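Engineer: This is what each chain is made of:
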Amino acid sequence: MKIWKRARQVVEESKKKPSPAQSGNKPATVQLAAIKKDLTDIDDAVFKDFQTKEGLITVVYLSSLIDPLILHKAIILPLVNEQKEVLKSFDPMDGSNKEKLIMSIVNGDTVVFHHEKQQYLQAHTFSPPERPVSTSEMESSVIGPQDSFTESLKTNLSLIKRRIQQTGLKSKDYTIGQETNTKISVLYIEHLVNDENLQRINDRINKLDFVGFLDITILKQLVEDNPFSPFPQYGATSRPDVAVNSLLDGRIVIAMDNSQSVMVCPSSFIEMFNSPEDFYNRWTTATLLRFLRFAGFFITIMLTPMYISALSYHPGILPYELLIMIQESRSRVPFPPVIEVLFIELVIEILREAGSRMPTKIGQTIGIVGGIVIGTAAVEAGLISNTLIVLVAISALLSFLMPNFLMSNASRFVRYIFILAAGLFGLLGQMLALAWLFNHLLNLTSLGTPYMTPVIPRSWSDLRDSIVRFPLAFLQKRTGLSRAKREKKPTK
Amino acid sequence: MDVKKKKILNGYHVVFLVQNIMVGMGLLSMNNSLSPVGYSQWWFPILFGLIANITLIPMIWLALQYKDDDLFDIHEKLLGKFIGKTLNSFLILYSIVLFAAVIQNYLDLIQVAALPQRSITGHLILFIVLTVFIIKGGIKSLARFCIVTFFLTGWMVYFLRWGFVDGEIRHLLPLFNFTASEFWDATKKGFNTLVGYELIMFYFPYIRHPEKAFKHASIGIWITIFFYLAVGIVGVMYFTEWQLEHLLFPVLKLFQAVDLSFVERIDTFGITIWVFLILTTAGAYLWTAKKGIDSVRNKNSQYHIYVTAILTFIIINLPVSQAMRTTLYENTFYVSYGLILWPILLCLVHLVRRKVKR
Amino acid sequence: MKRWFMIIISSFCLLLSGCSTEQGSQPSLERLGMISVIGFDYIDDDQMKMTVIMPQPAIEAMKHTQVITVETDMIHKGLVEISSKADKTVSLTQLRVILFSEEFSKKGKMKEMVEYLYKDSEVRSNSYVAIVKDSVEEVLSKEYPDKQNTSVYINNLFQPRQYTYFSPFTTIHEFVYDESNPLIDSIAPYVELKDGIIHIEGIAVFSNGKMKTMFTQQEGKTIQILRGQKKLSVFAITLNDDSESKEKVALEFITSKAKIETNHNFDSPKVKITMKFEGTLSEYEGGKDLANKHELENLEKEVSKSIEDDVRTLLEKSRDLSIEPVGLFKAMRMRYKGDWPSELTQELMAKAEFEIKADTRILSAGTLK
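Residue numbers (this note's numbering), protein chains in the order written: chain A, 1 to 492; chain B, 1 to 358; chain C, 1 to 369.
Treat the hints as calculated values from the structure; they're not laboratory data. Quick caveat, the model's predicted, so the values are computed rather than measured. Glycine is no exception: its CB is placed at the ideal position from the N, C-alpha and C atoms. Check the hints yourself; a few may be wrong.
[Stated by the list, open to error] Output of the computed footprint for chain B on chain A, the stretches with three or more beta carbons under 8 Å from beta carbons of chain B:
| # | segment |
| --- | --- |
| 1 | 304-318 |
| 2 | 419-431 |
[Said to hold, decoys possible] Over the 10 Å line for every Cβ pair with chain A, so calculated as not near, a few chain C residues:
| # | residue |
| --- | --- |
| 3 | Glu30 |
| 4 | Glu81 |
| 5 | Ala258 |
| 6 | Lys293 |
| 7 | His294 |
| 8 | Leu344 |
| 9 | Met349 |
[What the hints assert, rightly or not] The list that follows gives simulated cross-link-like pairs (lysine to any residue, SDA-like), each with its CA atoms no further than 25 Å apart:
| # | chain 1 | residue 1 | chain 2 | residue 2 |
| --- | --- | --- | --- | --- |
| 10 | C | Lys88 | A | Met325 |
| 11 | C | Lys330 | B | Trp162 |
| 12 | C | Lys337 | B | His246 |
| 13 | C | Lys337 | B | Leu229 |
| 14 | C | Lys63 | A | Leu444 |
| 15 | C | Lys85 | A | Leu444 |
| 16 | C | Lys270 | B | Leu173 |
| 17 | C | Lys272 | B | Leu173 |
| 18 | C | Lys230 | B | Arg170 |
| 19 | C | Lys270 | B | Ile169 |
| 20 | C | Lys231 | B | Ser321 |
| 21 | B | Lys136 | A | Leu444 |
| 22 | C | Lys276 | B | Arg170 |
| 23 | C | Lys88 | A | Leu444 |
| 24 | C | Lys337 | B | Leu172 |
| 25 | C | Lys276 | B | His246 |
| 26 | C | Lys109 | B | Leu248 |
| 27 | C | Lys330 | B | Ile169 |
| 28 | C | Lys357 | B | Leu248 |
| 29 | C | Lys107 | A | Met325 |
| 30 | C | Lys88 | A | Pro336 |
Construct all of the structure, not just a fragment, from the sequences and the given hints.
Structural biologist: Structure (structure tokens):
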């Protein structure tokens, strides 16, 4: 919370300072030399003079941000051919504001200076190298649209706007980051979004005080309600269909330049287990899968701790055949169960980290080395019991079930709390940890809305789209989570 | 945090608050504390439910007269500042002792049944810290926790199935096979399974629809009674009178009867998951104590929670003999009977004062 | 504030977990000697011989179970002594079967032993109780060459199976239940070591915590039917055993229903027992033509008659021994004011008049004609 206060102070202070442009009576036009001075040592800055009928013209741009072909077509050709009234096709600029002039050059625009009229003109030529729209790798699905967001804000906006074709869809631009000047766009549907939520997110964005934004996840962490929680409080997606679905529910979607995913707020715990495919599948399949993922979260944090509890505190809970089996597999293991579990869990984490940092081909080798060599050899050497290998493998697999990557990471972290608790107090420790987890989740909010929304119901109809996904005909109401202005979806 | 006593509790919050604060250690030993009346005990929960519902009327009526005040404020308004504050101090002491009693009874059981080789200090600290966490969010946080608790523990009723199948349904008759003194004995010991609903007098000002509070609290009481009735019936069917009298925690034996292929000793599982029910009960008393200190010191401060928690930790670790401790805790439970009946007196005082004013 | 608490908590967790592993106060599973079977032999009124079986987890071990016998007067004292003999901490959490020798159950403190185990929170209340004819020690320490693991073998033996419904498979809860119930006397399976294997011989019947007598398998079946067993897998009867027209009948997949009614008259109690059986005929040896409807009906009647006789003999025998393993007067208790004294059951049993009616229906006579 302190961050907000500090940020607010900064904003207020900056407001007090009088801006230099306002101080003079009649602002003088900035000299080209001044711009040149600012752009020294930027070797891709280009200053080109053209002698036309209307007088001497200087064109200023950064060549790295502009596709030469576009520059040629839009500016150089018309100027060289001395087309009539060519200058009128450019936007006039306020020549007295040097900062703005420099900004637009840095942004990739081309600034045209007309020496005789002492006038600045601007042409939008920003055309950095972009990759084409491809299928989503993070959230791939079998059915449903396959396109995904790219790193370009423009492309992302177009992907969203072509799905919602109406003027109600608003996109408000902000520039954030003291040094990076990153552009973000806040999208919402005006007649649906909750004004309070919108106000809140606007306030938080205005109060931001951070140097650089490299990805939307950084923004997400900075505007979250509880920055100390291991759980992501806002949704993230790289699929335009998911983003649009949230917009239609009255949520706010924030897209950022250079970021491949967009952020959805508010969002709830249960939604972290929803996959976009749920709405394309039949409701029975969707329900089954959702249940699997949701149960998977609790099994993955409970399974290996259960092993510890059963082995070191409550041997009575094991059925007889299982007892004999585990006793046999444990008979040569020299460590207590806690150490054994921590050891193998860490090995799994290491494998995962190593595998994900490696190029794909080497990654496969690491998988084989990890899976076969470490697994089999460790069991044969008697370092760990083979029962545990099975359990750890299952819980590692289950943690991948969650469609939200950050949630899956959170489950990995929470599992260690449970392991320690089980090592301390057995089942009681696990239950205490579970109580802590629930208390924490219950007290979390996402943009002021309780994170565990269907448990703390905002409206009862939310339950129809929680763990059980009802057939779409039942999902008429917008979720209570988003507190949309119009609750019911329009019917004929 | 709730300086102005904001109306934050919805109807369902009230239902689950009432319900979960009531269920605690009492249920584990209910069959035992009702054993003086033998097999006829199974319908006693219904009787208790009626008593609870009747005693709820003066509580709600009084609270409705002072919509923005909890019992502490009502004391000061009705009985004057000095008497009110003295009384409130006793109430604070009462809640702290009950908080300690609830925790210690549970942890003692844990030590006997689940973690025999551990001293209770470790989990005592964790337990108290967790309660503090819950209460730091105020009464609404507790109410939310109650909802989760209900869904996490309520399904355990299913475990009674095995006891039901093995049991002898003919134990349910005769209905009135006891003497008056046995009846009195059972009521005295058994009614403390229901203690907890009287705390509504303390969180009443936070309820959003006070006029509906009686209905919601009654629903809460009867949900509890349903669970008690289920345990009562199955316990009577599954045990003989001798067993009811000699087993301290019959519910655990009922859990042991569960026969599942993949996990055994459901009782271990049962008492550890019981921690949720204990957390809600203990949390409610901690919250009451905190509110009491707030009211006596005329100051809202989160530090009151920490002070209370540390005090409780000290009380539990005091070098007092077990017998003395047990007497203290038992008598405190009887004090809560007094607290349940207390509003009737306050109602009278209220009426008299109103007459005098006119 | 919150994060300070978080930091304190997590540091506590770390510190305390360090303690837990260093102290090693809680041995993990493989360092525990899990007693799965415990047996008691009679020495004299004070002393008893206690034998336990623990599974040996090590794969390299030649024997898969460890048997230890000590002489003691209390269970826990015995456990301490066993611990000193074994290389592990012994624990009762996985106790499955409790065996008593016949001598012990007739003379000793069997009731106290079972109650003690019942009250111990470590012991599960669905461990099985059984009576061994001779020495328990012999049963437990004997090697069963075709069984890999004695403890698994004994444990499996006492699991209820399809063809052993005649045996009650009494758990300690049921034993204590029957013992503390004034209306019924407890029963337990009775086993004997015969030709190198353990054999369930019949049912031991108790009265006031002491074994009174042993009932055969056939009588055991009858008791189980009267106690309300719903499914019987096989029911074999020999009709007219001594005469010329000897018949052998075996029924399969039987559903049985026994109803006991009493007249609620304490001076001249009348007990009416109605039983219904439905099953398929699986084996028949005799002179009747089963394709004939009337002859089949006759057979049904004869079977019913035979069951009725069995029940009557059992009840008469119980009356003579003044025991009550069935619980005939449960319905009478439902209208009895005050505590039911156990003498009353004996009194009623002595005076009772029985009216027994069985009704058998053969659903099909098999696939062969």
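Engineer: Hint by hint, say whether it matches the structure.
Structural biologist: Against the structure, the hints:
With 5 residues carrying a beta carbon less than 8 Å from a beta carbon of chain B, the segment 304-318 of chain A meets the three-residue requirement, and the given coverage holds. Closer than 8 Å: that is the beta-carbon criterion, and the segment 419-431 of chain A has 8 residues meeting it against chain B, so the requirement of 3 holds. For Glu30 (chain C), the shortest C-beta to C-beta distance to chain A comes to about 4 Å, within the 10 Å cut-off, and the non-interface label is violated. For Glu81 (chain C), the non-interface assignment is confirmed: its Cβ lies about 22 Å from the closest Cβ of chain A, beyond the 10 Å cut-off.
Distance check for Ala258 (chain C) against chain A: the nearest CB is about 33 Å away, which clears 10 Å, and the non-interface claim stands. At roughly 50 Å from the closest C-beta of chain A, the C-beta of Lys293 (chain C) stays outside 10 Å, upholding its exclusion from the interface. Distance to chain A confirms His294 (chain C) as a non-interface residue, since its nearest Cβ pair spans about 52 Å, more than 10 Å. The claim that Leu344 (chain C) is not at the interface with chain A holds, since no C-beta of that chain comes within 10 Å of its own (minimum 40 Å).
With a closest Cβ-Cβ approach of about 40 Å to chain A, Met349 (chain C) is found to remain outside the 10 Å limit, as its non-interface label requires. The straight-line distance between the Cα atoms of Lys88 (chain C) and Met325 (chain A) is roughly 18 Å, inside the 25 Å bound, and the hint therefore holds. Restraint check for Lys330 (chain C) and Trp162 (chain B): the C-alpha separation of about 21 Å stays at or below 25 Å, so the hint holds. Straight-line distance between C-alpha atoms of Lys337 (chain C) and His246 (chain B) comes to about 22 Å, which keeps the hinted pair within the 25 Å bound.
For the hint linking Lys337 (chain C) to Leu229 (chain B), the alpha-carbon distance of about 23 Å falls within 25 Å, and the restraint holds. Taking the CA atoms of Lys63 (chain C) and Leu444 (chain A), the gap is near 57 Å; set against the 25 Å cutoff, the hint is violated. Annotation: proposed proximity of Lys85 (chain C) to Leu444 (chain A) is violated, straight-line Cα distance about 56 Å (limit 25 Å). Straight-line distance between C-alpha atoms of Lys270 (chain C) and Leu173 (chain B) comes to about 20 Å, which keeps the hinted pair within the 25 Å bound.
A C-alpha spacing of about 20 Å is found between Lys272 (chain C) and Leu173 (chain B), which places the hinted pair at or below 25 Å, so the restraint holds. For the suggested pair Lys230 (chain C) and Arg170 (chain B), the alpha carbons sit about 18 Å apart, so the restraint of at most 25 Å is met. Between Lys270 (chain C) and Ile169 (chain B), the direct Cα distance comes to roughly 22 Å. Compliance with the 25 Å bound is thereby established for this hinted pair. Distance hint between Lys231 (chain C) and Ser321 (chain B) is unfulfilled; the C-alpha atoms sit about 55 Å from each other, more than 25 Å.
The suggested pairing of Lys136 (chain B) with Leu444 (chain A) holds, with an alpha-carbon distance near 13 Å, which does not exceed 25 Å. This hinted pair checks out: Lys276 (chain C) and Arg170 (chain B) have alpha carbons roughly 21 Å apart, not beyond 25 Å. This hinted pair does not check out: Lys88 (chain C) and Leu444 (chain A) have alpha carbons roughly 48 Å apart, beyond 25 Å. Taking the CA atoms of Lys337 (chain C) and Leu172 (chain B), the gap is near 13 Å; set against the 25 Å cutoff, the hint holds.
A hinted pair counts as satisfied when its Cα atoms are at most 25 Å apart, and Lys276 (chain C) with His246 (chain B) does not qualify at roughly 38 Å. Note on Lys109 (chain C) and Leu248 (chain B): the hinted pairing holds, with a Cα-Cα distance of about 23 Å set against a maximum of 25 Å. Proposed proximity of Lys330 (chain C) and Ile169 (chain B) is supported: the alpha carbons are some 10 Å apart, at most 25 Å. Only pairs whose Cα atoms come within 25 Å are accepted, and Lys357 (chain C) paired with Leu248 (chain B) is rejected, the gap being roughly 43 Å.
For the proposed pair Lys107 (chain C) and Met325 (chain A), the alpha carbon gap of about 39 Å is over 25 Å, so the pair is violated. A C-alpha spacing of about 15 Å is found between Lys88 (chain C) and Pro336 (chain A), which places the hinted pair at or below 25 Å, so the restraint holds.
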